[in-house]
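Engineer: Let chain A serve as the given structure and place chain B on it in line with the hints.
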Amino acid sequence: MNDAPLLSVRGLTLDIPTSGGTLHAVRGIDFDLNRGETLCIVGESGSGKSLTSLALMGLLAPKIRRKAVRMTFDGTDLQKASRRQLRQLRGDRMSMIFQEPMTSLNPAYTIGDQLAETLLLHKRVSRTQARARAVELLEKVGITAAESRLSQYPHQLSGGLRQRVMIAMALMCEPELIIADEPTTALDVTIQAQILRLLVDLQREMNMALILITHDLGVVARVADKVAVMYAGELIETGPASAIFRNPAHPYTRGLINCIPVPGRNERGARLGTIPGIVPSLVGEVTGCPFRGRCDQRVAICDTAAPLRRLPDGHEFRCVHPDGHRHEEVTA
Amino acid sequence: MLRFILRRLGLALLVALTVSFISFSLLFLSGDPAIAIAGESANAEDVAAIRALYGFDRPMMVQYGDWLWHALQFDFGVSYYFRLPVADLISERLSVTMTLGVCGIVFALLTAVPLGVIAAIRPNSLIDRIALFLSVAGQAMPSFWFGLILIVIFAIQLRILPASGADTWQHFIMPTIVLGYYAMPAIMRLTRAGMLEVLSADYIRTARAKGASEGRVLFKHALRNAIIPVVSLAAVQMGFMLGGSIVVESVFALHGAGYLAWESIGRNDLPTVQALILVFALFYIVFTFLADVLNAWLDPRMRSA
Chain A
1 MNDAPLLSVR
11 GLTLDIPTSG
21 GTLHAVRGID
31 FDLNRGETLC
41 IVGESGSGKS
51 LTSLALMGLL
61 APKIRRKAVR
71 MTFDGTDLQK
81 ASRRQLRQLR
91 GDRMSMIFQE
101 PMTSLNPAYT
111 IGDQLAETLL
121 LHKRVSRTQA
131 RARAVELLEK
141 VGITAAESRL
151 SQYPHQLSGG
161 LRQRVMIAMA
171 LMCEPELIIA
181 DEPTTALDVT
191 IQAQILRLLV
201 DLQREMNMAL
211 ILITHDLGVV
221 ARVADKVAVM
231 YAGELIETGP
241 ASAIFRNPAH
251 PYTRGLINCI
261 PVPGRNERGA
271 RLGTIPGIVP
281 SLVGEVTGCP
291 FRGRCDQRVA
301 ICDTAAPLRR
311 LPDGHEFRCV
321 HPDGHRHEEV
331 TA
Chain B
1 MLRFILRRLG
11 LALLVALTVS
21 FISFSLLFLS
31 GDPAIAIAGE
41 SANAEDVAAI
51 RALYGFDRPM
61 MVQYGDWLWH
71 ALQFDFGVSY
81 YFRLPVADLI
91 SERLSVTMTL
101 GVCGIVFALL
111 TAVPLGVIAA
121 IRPNSLIDRI
131 ALFLSVAGQA
141 MPSFWFGLIL
151 IVIFAIQLRI
161 LPASGADTWQ
171 HFIMPTIVLG
181 YYAMPAIMRL
191 TRAGMLEVLS
201 ADYIRTARAK
211 GASEGRVLFK
221 HALRNAIIPV
231 VSLAAVQMGF
241 MLGGSIVVES
251 VFALHGAGYL
261 AWESIGRNDL
271 PTVQALILVF
281 ALFYIVFTFL
291 ADVLNAWLDP
301 RMRSA
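First to last, the sequence lines map onto chains A and B. Anchor point for the first sequence: position 52 equals 52 in the working numbering, and the numbering is continuous, going up by one each time. Anchor point for the second sequence: position 303 equals 303 in the working numbering, and the numbering is continuous, going up by one each time.
Excised from the complex, chain A in its bound form (with noise of 0.2 angstroms):
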């Protein structure tokens, strides 16, 4: 095993033209993932995450312009790989889990078939041999009476148990990168806890990278070794878990943590944190700090700039402050 990060992405655009003009639903994001590694993608809905993952996948639209200076699966290129290497590495080596387990299925074919296709794609196997791993997996998964769920349709299952199947979908090749774009949102909060807690061991049983994007802070800081905050098509703040956790610098990842109630620190009845204000428009030029509008810390300079700041314990963030408070005086 070399010490190369498996996936290695700097300067992601990606850019959508619209009738009023376009829309830069990314800009210039840089992150690195090792193997096993698992990096949380948090950030509010319309801030670029499910894009980003989809960009990884090469799964995007075609009218979505992606521009890169670096974007690298395990020494592969993404950029510049031909669409049949990328099909071969799709389902094989790195796969990815959608966020509407309702509706990722074919209705038309039976989960057997589904879940066979992506080896039989990859794999020289029998279809014997397919049908065997299928219900192995559907096992691993948490599936009971495997083998009769084979020959059954998306339509009879449960959502719970759809998303199971497409985990399971996923699995089928054991990538070394699995992509997971908010696979519990769409489930019933009981069902949230379940399907990640399967993932996450799942990921660490057979050792894969995972990005799991989510907007949920609680998940992010039971699972992820990574973190990188995403706002507005940025990538505001990344570094350590623990460090981001313990130490949130940026102004918008202290009012995201501000956010989740903690039993204890949070009274009975009283009102959770919230971040007033909304994620401005992306159509045109952007620019300066994209959280300047709803930041409590702006300064004049926030309208032109928003510098890469390091800290000591290993976590970057955008901010002109250096440290992400206001220092100066504050007139009472």
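FYI, nobody ran anything at the bench for these hints, they're computed from the structure. Treat the hints with care, since some could be wrong.
Unchecked claim - As a list, the in silico DMTMM-like pairs of lysine to aspartate or glutamate whose alpha-carbon atoms are at most 25 angstroms apart: (1) A:K63 to B:E197; (2) A:K140 to A:E37; (3) A:K67 to B:E197; (4) A:K67 to A:D15; (5) A:K123 to A:E136; (6) A:K80 to A:E139; (7) A:K80 to B:E214; (8) A:K123 to B:E197; (9) A:K63 to B:D57; (10) B:K220 to A:D15; (11) A:K123 to A:D15; (12) A:K63 to B:D46; (13) A:K63 to B:E263; (14) B:K220 to A:D92; (15) B:K220 to B:D128; (16) A:K123 to A:E44.
To be verified - Label pairs and their in silico Cβ distance ranges: (17) A:P17 to B:R3: 36 to 42 angstroms; (18) A:R127 to B:R122: 47 to 53 angstroms; (19) A:K80 to B:P123: 25 to 31 angstroms; (20) A:R127 to B:P123: 56 to 62 angstroms.
Quick reminder that beta carbons are idealized off the backbone N, C-alpha and C, glycines included.
Structural biologist: Then chain B, alone, in the frame of chain A:
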């Protein structure tokens, strides 16, 4: 699946029985059949004799039972006009109509489905625009006119196809194109709309995420789902082609069942009309049934419906 087929079959039989009763009642809806047969100059005794001869003096339900019993054995009585058994008359004409109908729908499907798929893969491309133009033209152009144009070009100018008759397979080429082209626009537009919708579905993204090739995504994952409404439409079109190909049959002098129905209505030849209505309706029922079964095979969710 078997339960679904049996249930649909039961329903189809019920519909067929209802239709048979309706087509039988036509005899009585159009006035006293005995007077119609006897003609305008007949006196009361002649009419009474005819009434007794044909059994019109019996109760209606008895007559229906009698007619149905014979119809089940392909005995539809004797044509008032031709004085020949209706069954013989129809079976001869029906083979022409069936050949034309099957060729027409196959032609329509073979052109419309690929065009619809290509148009959906590249919406607003040149091919999409050409396909749109073809379908608008097909919808707007009257069949008889298109048929005549083809005759002028291929039979009169180029002399490569026969203009009329039903003797060889060449006789069926132009009628097939005219009839098929009439059904093509709707099938093509429905295929295009279905593919466009399905291609943006989440499970198509899943298929791509698995590493499936574009061809596999299109034909295995997308088309199977997009084609479902097309199957139902094609069944209806097929039924329509069998009964409604009168125009095409007239232009190309193909004496098929549609033409016979039209003639028989004009001649007040009720046994023939009755039998044709029943046969056309049965074809509709059979095609709808087959389409339902095919759709249930394509889409497992329909099997419980």
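Engineer: So, for every hint listed, does it hold in this structure?
Structural biologist: Hint-by-hint comparison with the structure:
no.	hint	result
1	A:K63 to B:E197	17 angstroms, holds
2	A:K140 to A:E37	21 angstroms, holds
3	A:K67 to B:E197	29 angstroms, violated
4	A:K67 to A:D15	8 angstroms, holds
5	A:K123 to A:E136	16 angstroms, holds
6	A:K80 to A:E139	38 angstroms, violated
7	A:K80 to B:E214	19 angstroms, holds
8	A:K123 to B:E197	31 angstroms, violated
9	A:K63 to B:D57	77 angstroms, violated
10	B:K220 to A:D15	32 angstroms, violated
11	A:K123 to A:D15	36 angstroms, violated
12	A:K63 to B:D46	82 angstroms, violated
13	A:K63 to B:E263	59 angstroms, violated
14	B:K220 to A:D92	20 angstroms, holds
15	B:K220 to B:D128	22 angstroms, holds
16	A:K123 to A:E44	38 angstroms, violated
17	A:P17 to B:R3: 36 to 42 angstroms	52 angstroms, violated
18	A:R127 to B:R122: 47 to 53 angstroms	34 angstroms, violated
19	A:K80 to B:P123: 25 to 31 angstroms	29 angstroms, holds
20	A:R127 to B:P123: 56 to 62 angstroms	36 angstroms, violated
Consistency note: the structure conflicts with the earlier hints numbered 3, 6, 8, 9, 10, 11, 12, 13, 16, 17, 18 and 20.
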